[in-house]
Amino acid sequence: MTVTCENPTDTVSAALQRLRDVTRALYRSQEGMRCIAYERREIVRDLHSRGMTYTAIADAIGMAPQTVWQMARGAEEAGR
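The sequence shown begins at 1 in full-length UniProt numbering and counts up by one.
Not one of these hints is a red herring.
What follows is a list of derived Cβ distance ranges for each label pair:
1) Ala-56 to Leu-26: 34 to 42 Å
2) Ile-61 to Ala-15: 38 to 46 Å
3) Pro-65 to Val-22: 33 to 41 Å
4) Asp-10 to Glu-39: 37 to 45 Å
Bear in mind the hints are in silico, worked out from the structure with no lab data behind them. Yeah, the Cβ is synthetic: ideal placement off N, Cα and C, and Gly gets one too.
Throw the hints in and build the complete structure from the sequences for me.
Next up, the structure:
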């Protein structure tokens, strides 16, 4: 029986490098998501201040009114 082994240093090194790359990409995407979420909250808050109900906003974007209300509340708390 022949057993072949990979060089564990190369495999571990490559895996660690890939882990670093994926972690960096994840952090970048999270930063982008935070920016988008902030913008979305601000738009909801602005529309509501113009007289649009949370129900109407929710219907327009396909979300539950309670979720939209929480989004607007998050924008108010972030602005404090």
